[in-house]
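Novice: Below, each chain spelled out in residue letters.
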Amino acid sequence: MTSTETNVTSDENQPPVDPNAVTMSINGRSVVARKGELIIAAADRSGDYIPRFCYHPRMSPVGMCRQCLVEVEGPRGPMMVVSCMTPVADGQVVRTDTPQVKRAHEGILELLLANHPLDCPVCDKGGECPLQDQAFSHGPGESRFVEEKRHYEKPIPISDIVLLDRERCILCDRCTRFADEVAGDALIHFTSRGNNTQVLTFPDEPFSSYFSGNTVQICPVGALTAKPYRFKARPWDLEKVESTCTTCSVGCRITVESSRDELLRYQGVDSDPVNWSWLCDKGRFNFEAVASDARLEQPLIKRDGKFVETDWSSALRATAELVSSALRDGGAGSVAILGGARSTNEDAYAWSRLARALGTSNVDAQLGDGLPSTVYAYPQATIDEAANASTVIVLGPDLKEELPVLHLRLRDASEKKRSKIVEFGSKESGLTRYAWKHTGHEPGQQVAAVRSTLTETAVVSQLGKGSVVVVVGRGNLAESPEFTMSALAAVMELVPNAKVLPVLRRGNVRGALSAGLGSGSAVDILERAAAGKINCLVLVGADPLADFPDADLARRALTGVPNIVSLDTFMTTSSSQAQIVLPAAAFGEKDGTTTNLEGRVSQLSRKVTTRGTSRPDWMVAVELADLLDVDLGVGSVHDVFEQMVSTQSAFRPIDRAALKSSPDGVLLAHVGSAPIASPVPDVPERAGFSYRLVVSRKLYDAGQNVANSPSLALLAPGAAIYLHPLDLDRLGAPAGSNVKAIGARTSVVMRVEADATVHRGTAWVPFNQPGGKVGELIDASALVNDVRLENL
Amino acid sequence: MARLTEENVRVAREIIARYPRSRSATIPLLHLAQQQDGYVSNDAMVHIGELVGATSAEVFGTASFYEMFKFEPVGKYLVNICGTMSCALLGADELIHHAEHALDVKLGGTTDDGLITLERAECQAACTEAPCLQVNYRYRFRVTNESFDQLVDDLRAGRLDGEIPPHGTVARVRQRAAADRVVGAVAPEDVSDGPSWFDGKAAL
Numbered sequence: 001m002t003s004t005e006t007n008v009t010s011d012e013n014q015p016p017v018d019p020n021a022v023t024m025s026i027n028g029r030s031v032v033a034r035k036g037e038l039i040i041a042a043a044d045r046s047g048d049y050i051p052r053f054c055y056h057p058r059m060s061p062v063g064m065c066r067q068c069l070v071e072v073e074g075p076r077g078p079m080m081v082v083s084c085m086t087p088v089a090d091g092q093v094v095r096t097d098t099p100q101v102k103r104a105h106e107g108i109l110e111l112l113l114a115n116h117p118l119d120c121p122v123c124d125k126g127g128e129c130p131l132q133d134q135a136f137s138h139g140p141g142e143s144r145f146v147e148e149k150r151h152y153e154k155p156i157p158i159s160d161i162v163l164l165d166r167e168r169c170i171l172c173d174r175c176t177r178f179a180d181e182v183a184g185d186a187l188i189h190f191t192s193r194g195n196n197t198q199v200l201t202f203p204d205e206p207f208s209s210y211f212s213g214n215t216v217q218i219c220p221v222g223a224l225t226a227k228p229y230r231f232k233a234r235p236w237d238l239e240k241v242e243s244t245c246t247t248c249s250v251g252c253r254i255t256v257e258s259s260r261d262e263l264l265r266y267q268g269v270d271s272d273p274v275n276w277s278w279l280c281d282k283g284r285f286n287f288e289a290v291a292s293d294a295r296l297e298q299p300l301i302k303r304d305g306k307f308v309e310t311d312w313s314s315a316l317r318a319t320a321e322l323v324s325s326a327l328r329d330g331g332a333g334s335v336a337i338l339g340g341a342r343s344t345n346e347d348a349y350a351w352s353r354l355a356r357a358l359g360t361s362n363v364d365a366q367l368g369d370g371l372p373s374t375v376y377a378y379p380q381a382t383i384d385e386a387a388n389a390s391t392v393i394v395l396g397p398d399l400k401e402e403l404p405v406l407h408l409r410l411r412d413a414s415e416k417k418r419s420k421i422v423e424f425g426s427k428e429s430g431l432t433r434y435a436w437k438h439t440g441h442e443p444g445q446q447v448a449a450v451r452s453t454l455t456e457t458a459v460v461s462q463l464g465k466g467s468v469v470v471v472v473g474r475g476n477l478a479e480s481p482e483f484t485m486s487a488l489a490a491v492m493e494l495v496p497n498a499k500v501l502p503v504l505r506r507g508n509v510r511g512a513l514s515a516g517l518g519s520g521s522a523v524d525i526l527e528r529a530a531a532g533k534i535n536c537l538v539l540v541g542a543d544p545l546a547d548f549p550d551a552d553l554a555r556r557a558l559t560g561v562p563n564i565v566s567l568d569t570f571m572t573t574s575s576s577q578a579q580i581v582l583p584a585a586a587f588g589e590k591d592g593t594t595t596n597l598e599g600r601v602s603q604l605s606r607k608v609t610t611r612g613t614s615r616p617d618w619m620v621a622v623e624l625a626d627l628l629d630v631d632l633g634v635g636s637v638h639d640v641f642e643q644m645v646s647t648q649s650a651f652r653p654i655d656r657a658a659l660k661s662s663p664d665g666v667l668l669a670h671v672g673s674a675p676i677a678s679p680v681p682d683v684p685e686r687a688g689f690s691y692r693l694v695v696s697r698k699l700y701d702a703g704q705n706v707a708n709s710p711s712l713a714l715l716a717p718g719a720a721i722y723l724h725p726l727d728l729d730r731l732g733a734p735a736g737s738n739v740k741a742i743g744a745r746t747s748v749v750m751r752v753e754a755d756a757t758v759h760r761g762t763a764w765v766p767f768n769q770p771g772g773k774v775g776e777l778i779d780a781s782a783l784v785n786d787v788r789l790e791n792l
Numbered sequence: 001m002a003r004l005t006e007e008n009v010r011v012a013r014e015i016i017a018r019y020p021r022s023r024s025a026t027i028p029l030l031h032l033a034q035q036q037d038g039y040v041s042n043d044a045m046v047h048i049g050e051l052v053g054a055t056s057a058e059v060f061g062t063a064s065f066y067e068m069f070k071f072e073p074v075g076k077y078l079v080n081i082c083g084t085m086s087c088a089l090l091g092a093d094e095l096i097h098h099a100e101h102a103l104d105v106k107l108g109g110t111t112d113d114g115l116i117t118l119e120r121a122e123c124q125a126a127c128t129e130a131p132c133l134q135v136n137y138r139y140r141f142r143v144t145n146e147s148f149d150q151l152v153d154d155l156r157a158g159r160l161d162g163e164i165p166p167h168g169t170v171a172r173v174r175q176r177a178a179a180d181r182v183v184g185a186v187a188p189e190d191v192s193d194g195p196s197w198f199d200g201k202a203a204l
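Order-wise, the sequence lines are chains B and W. The first sequence maps to residues 1 to 792 in the numbering used here. The second sequence maps to residues 1 to 204 in the numbering used here.
Any given hint might turn out to be false.
[Unchecked claim] Using C-beta positions, here's what the derived DEER-type ranges look like: (1) A17(W) to D270(B): 25 to 31 Å; (2) G771(B) to S24(W): 24 to 30 Å; (3) D190(W) to E37(B): 30 to 36 Å; (4) E385(B) to S24(W): 46 to 52 Å; (5) R174(W) to F145(B): 45 to 51 Å; (6) A17(W) to G126(B): 30 to 36 Å; (7) R433(B) to A17(W): 19 to 25 Å; (8) R230(B) to R142(W): 54 to 60 Å; (9) A687(B) to D190(W): 30 to 36 Å.
Don't read these hints as lab results, they were simulated from the structure. Yeah, the Cβ is synthetic: ideal placement off N, Cα and C, and Gly gets one too.
Next comes chain W alone, as it looks inside the complex (with noise of 0.2 Å):
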């Protein structure tokens, strides 16, 4: 869709300052136009391409290596039901068929509001609290065929605006350094000292 915002170039900036080559910002770059945009674009990956001093195909190659980059516009909402041994065992498929009809799409598709985009997802580490589903990554544990529409419901109302941003955001407050405890600014070859905050002092 679009490459990085004026703002985003300048975020883009701090973080490739935080590392020794600006090639190692390449995913932290990712997740800042998936953020921008909700997906990765192409051109978004150019553009990061032409910051980190990388050709597209090698920040492509690198993107595509992991599930959580989409390369194509998802829903507001990334609605991931795990499918894997536990939740198949107390009625994931059950609960993935009644999800396809309650939206009116199938696996992998978005509705038509562009809101949810469902998909099936590997074992998420809740197998206790099966059968699991995740929003934008947010757990919802044991979900029955009600709890699901109620959900919907919720989403689409924006009730739950406050505890799941849209999709791609990595966090809503961005976190930042002091100078002087910024690690990683020096090539791991040229680091003589521990960064400041190692001293054995801090944090106790």
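So that you can see chain B by itself, here it is in the shape it has in the complex (with noise of 0.2 Å):
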């Protein structure tokens, strides 16, 4: 203490003395950790290994391993303890290099060993395993266990996509703290006792966790293998880079890994802001649709309906001919273009300059199922400004589903007793569990229930506790979207100081409506096609069929265009109806950057060839550019990235250089001031015999990633209505059976099923589902939507 306070006085330039900090000495050298650390994390700053197995410096240490060993200067002598349990402290002397340590790590790794079958050249982990790699390196050398080893049988599934052997487990718990602690998920567990202690679920209820490929990564042997990785690959041959997950808008920070040309792996990797090393199964593997066999590899053309390879010089000269005849007849209202949210910053921009060139302001990358941009005119917060926030307010959607990974953070926040969340749905969440607060609302209802929860005595006195994030997207799909931009202005009105995290989902909309590819309304434009205005519609990656909540509208959109044009990675349902379809390049075959949810621009970056002819968005609309006579001034997608940071206000924090020396990427800059609230419109009351709407998405759908991924395709749950018990046993239907669902325009047949998250009075529907008509019963331009139910 006396030294602190000579530092201060005696210098007044010096930094503050760090009252958390402790001096400690490793193998002689001298070592500042912060109070309550880990010896063992103080180590690996320090560059001293210590070889460990169950240690995670994302989850809680347990000593489970003993790996860890080292000797820690005592009142009575050198003793020894395991490093990732025990705390830093000042003065504290710690050696991991003695012949005790040594011999201390040798005789566990001994014991690890004796039971482990040492199938390493059969076994997918050798190369990359801890086990293999600390065995040479703190090994022995060689074992006295002569006897027989435990055997199980091998490997058995745990799920649908990972598999256990349990024979080389170690008993780590890693995998089952993953499960408990990060994904909340405890569907595995350590079962029986002794030499049969082993990792097992419950009996016929399998480890069908949205987070389970994450156990794969953290299992320091081959126990746990996932089915799309399974011997494709040994390690030595895998080629990897680092690269930002474009499945949601999370994106989460992964290497993409292949061999001999063909995406094989995606890894999670630590980005402090993101995610922690976490990635959701979707985005983990749905690296499968990139090399699925349904890709598109050539132009096509249709010629007597029927479509018809060509070459992309021929493909793009009938496009330049489809638009300018449209430009010709109907002007530049008469060209529209839609997508644009699931390529790179690049793509979109290019995409946005051509639309500006030709004149046309009919171009949305969003397609009806998010909010209006001027979300993104609040204040805004990071996701790690809202994992740290002392109140989340969730507006919306149901983050499990839709942003895996953020709801790790915001689960997590919850679980540390960091943050308080107060959530407002018509249908309870995967948060909802973990929510201080729940308040269900009827479908446009929320500015009400906004209003009443947030002036309640206990939760004004939490708002007052310190700061307040706002996260609001869209929770329902079968009402305006007017009701949540609604509350999140009472919100605001409420909380003036809270910051917002919009969380729209599709992966790169943020940076897509950033380079200006949001001047107009899908809404609109899909109207405007249905009454024959728009001459030529350009589809970027968009398939309005299946994802435009209102099915007919978006029918009698396509059906009132005469020409279309899709550029896609698969022959989609709308890409079936265009003149023209242009294949794409996916993920992993594209250099350029992402933008995610809170507006962090990291790389992407090319790992295989594009598949066929394929070629990335923003170079077809370059030279779509060249056949219209108009010149963009880029021939490269750094030409593009160039002109963008330096023409688009968003993108000005952004540089090159910015981005190589920080990986974790860098934050647009904030546009706009606060929109004015308009009035809340009124909800028409619902029929006493009516269910009102909540449609809203599962993690697992009939999107293209995910049906042309064949280990995730059967994992999406199927079409169904969802009622709460009660109102199913009022409609007297049994779960399961079939039901007639009358909208206000049609009826559809679908199943229904009982389902206690789901408010009274509503019906909940997952969107896009396989054999879903969900869309059949949604009107785009209805406040909210309601449905009679009738058994068949």
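Using the hints, build the complex out of the two chains.
Specialist: Quick look at the structure:
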């Protein structure tokens, strides 16, 4: 204490001494650590490697494997302690290199290997296996164990994706700890005792967690393997680059790994502001879709109602002809561009440049399933700010289904008691279990719900305790987004200091909107198309027939447009209606940058050759511009990037050097001022026997990425209407039976199921499920949609 | 076999209320399930998970740690013959051999009438009375082949019904503590005073 004071007084330029700093010694060298830090973490920073199996920096320590023994000087001489359970202390003397420590490490490894089958030559982990590596670096070299090893059936499936080989398992508790502590799905557990201890699921209850793939990544032996990668490659044959996942807009950092020019694996990278090394299974395993046989390889042009393959120059000339004839006949307003939210920033920017050059503002990256881009005008929060806010207000979607890793971050915030979650929704979500307060409301009633909950005494006092972040997205595709925007305005009025984290789900939707692909609205564009006012519609990775909530409008629009050009990786239902289909490069096949939901721009890397003759979206825009006599002034993806950051105000803070020096990404500039709240629309009364429709997404659906990944495709739950059990009783239909759902325009037959997380008086239907037709029941122009149900 | 009966759910809720955290009731509820069915069925474990707020995997993980929870149906009487040192020296192996023949089952098996399951056990801490065995954890000392046969006869004839309840029975009379004497309904961190009976005057 005295030395601290002398320091401060003697030299005022010195930075203040950190009160939490402790000075210790590791192998004779002085190391500064923080109070509460573990010896193993301090040693990692000082460069003294301590072998370990169970320790993982993102999970609580358990001291399970005993491999990390070190000597700590004590009052009675050196004492052996597990360095993953022992916190640092001031003046602590640690040795990791004495003969005693070496003997201990060898002894533990000999014991861990006693029952390990040593089937390394046929094990997927061989070559990148912590047990193999540390047996070489810290093991005794030979074993005294000559008895028969423990035997189990090899491997048993513990879920549709993950297999477990219990013979290889060293019982480190990493996967079981992950399942309980991080994912919140404690579906695997140690069972039995002593020599029979083994990780198992409950009989017939599989480890069906959205995060199960992480256990495969953190398993320190080859006990857990995932179906999509089993026996595909040896680790030393894999080439890898770091990139950002664009499956949803969380933007998890990943390594993209390939062998023989085929994507084989994505692994999570520990990006502190974003994903903490975790990935969801959809993001981790949908690389299968990139290699799918269904990928488009050649441009297609429709002749006599049938697609025939053609070459790029003919296809582009034909496209240019369609666009220029549309411009000639109907003016710039008769050309429209939908999509771009699945591509890179550069792709989106090139298409927005082309649209501006053509003079059309019929451009939208969203498909009527998001929120108006004015949501970005509020003061913006980062994921870190949300996960450290004292109160998180969630308005909208089920984050576990739409943005799984953001769900993990908020769950962690609640479980570690940093944040209290106040949730509003028309259905309980994956986060409801962890919410401090969940206010259910009928579709359209969120403003009233917000006003009554946020003025309760307990909530007011909680809101006054610290920072507040509002997580806002589109929770219900069957209601107007205006309700959520009004509710957001109401929150901002009641909590003026709050920051907003918009959670629109499509991979690069924020980048696309910031790059200029949001001047129109998909609803308007499709209505104009249905009215015959659009002559040429370009779909840039967009599939309105599957993704636009109102199926009838999407169908009328696509029939109403004489000429459709689709740029996509797969033949979607919408592209099959096009005159020209151009094959697009997929994720992993192109360089560029992407923007996540918090506005964090990071680099995407190309790992494999593009499929067939497919091209990145930006290149198609540039070539089309050339044919239309428009000079975009760019010739490479780098040119597009440079032009984008110099012309788009949101991209001002981004440059090559900044992206290179911070692989976690650089945040966009904040543009615009908070919008003026529009009056809350009046919600029509619900008829006594109707159910108000709640339509939201599940993680696995009929989308192209899932449908073309064989390991994921079967995980989609399928189409059904879910009612509260008491409502189902009232209806008198048994669960699992088919009912007729009558909407405002038409009726569809669907399976009905009971679900206690659905609020009474509402009917919840997951969107875009295989065989589902819920879009028929949604009228995009209505404020809310009701449905009547009839027994068949 | 079955989830907990309505009556047992009522008992379960009473047990859960004794603990500040409901998960602490997992093992007492497993005993309750074993008392109900004679073994712990999968359905019962699912039900217990629902009652205490744990996943079935967590309940199974906890339960499978303990030898005395059975996950397959066992006979009405579980006969554990000790096979550890003192008993082994005084003829436990011969006794087991005799028992296998007398009951016509192998170790771990159950007689055809579903009455008796035979198991070998580790030391039962009655070495002075070797060889010993337990029937539903009730001791029989210095067991001979003849006294074993007599025991089986008595069990079959129901002559021991008063002494030995069916497997899984924790207690034939469920004890209930008066509300003011219940300990533990307050979380440890919230306890300020000692319990009411801990004032130095109780019991004496």
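Novice: All hints are to be evaluated individually against the structure, with a verdict given for each.
Specialist: Outcome of the hint check:
1. A17(W) to D270(B): 25 to 31 Å: 44 Å, violated
2. G771(B) to S24(W): 24 to 30 Å: 46 Å, violated
3. D190(W) to E37(B): 30 to 36 Å: Holds, at about 31 Å.
4. E385(B) to S24(W): 46 to 52 Å: 37 Å, violated
5. R174(W) to F145(B): 45 to 51 Å: 50 Å, holds
6. A17(W) to G126(B): 30 to 36 Å: 53 Å, violated
7. R433(B) to A17(W): 19 to 25 Å: Since the Cβ atoms of R433(B) and A17(W) sit about 22 Å apart, the hinted range of 19 to 25 Å holds.
8. R230(B) to R142(W): 54 to 60 Å: 58 Å, holds
9. A687(B) to D190(W): 30 to 36 Å: Cβ of A687(B) to Cβ of D190(W): about 50 Å, so the range 30 to 36 Å is violated.
Violated hints, in rising order: 1, 2, 4, 6, 9; the structure is consistent with all others.
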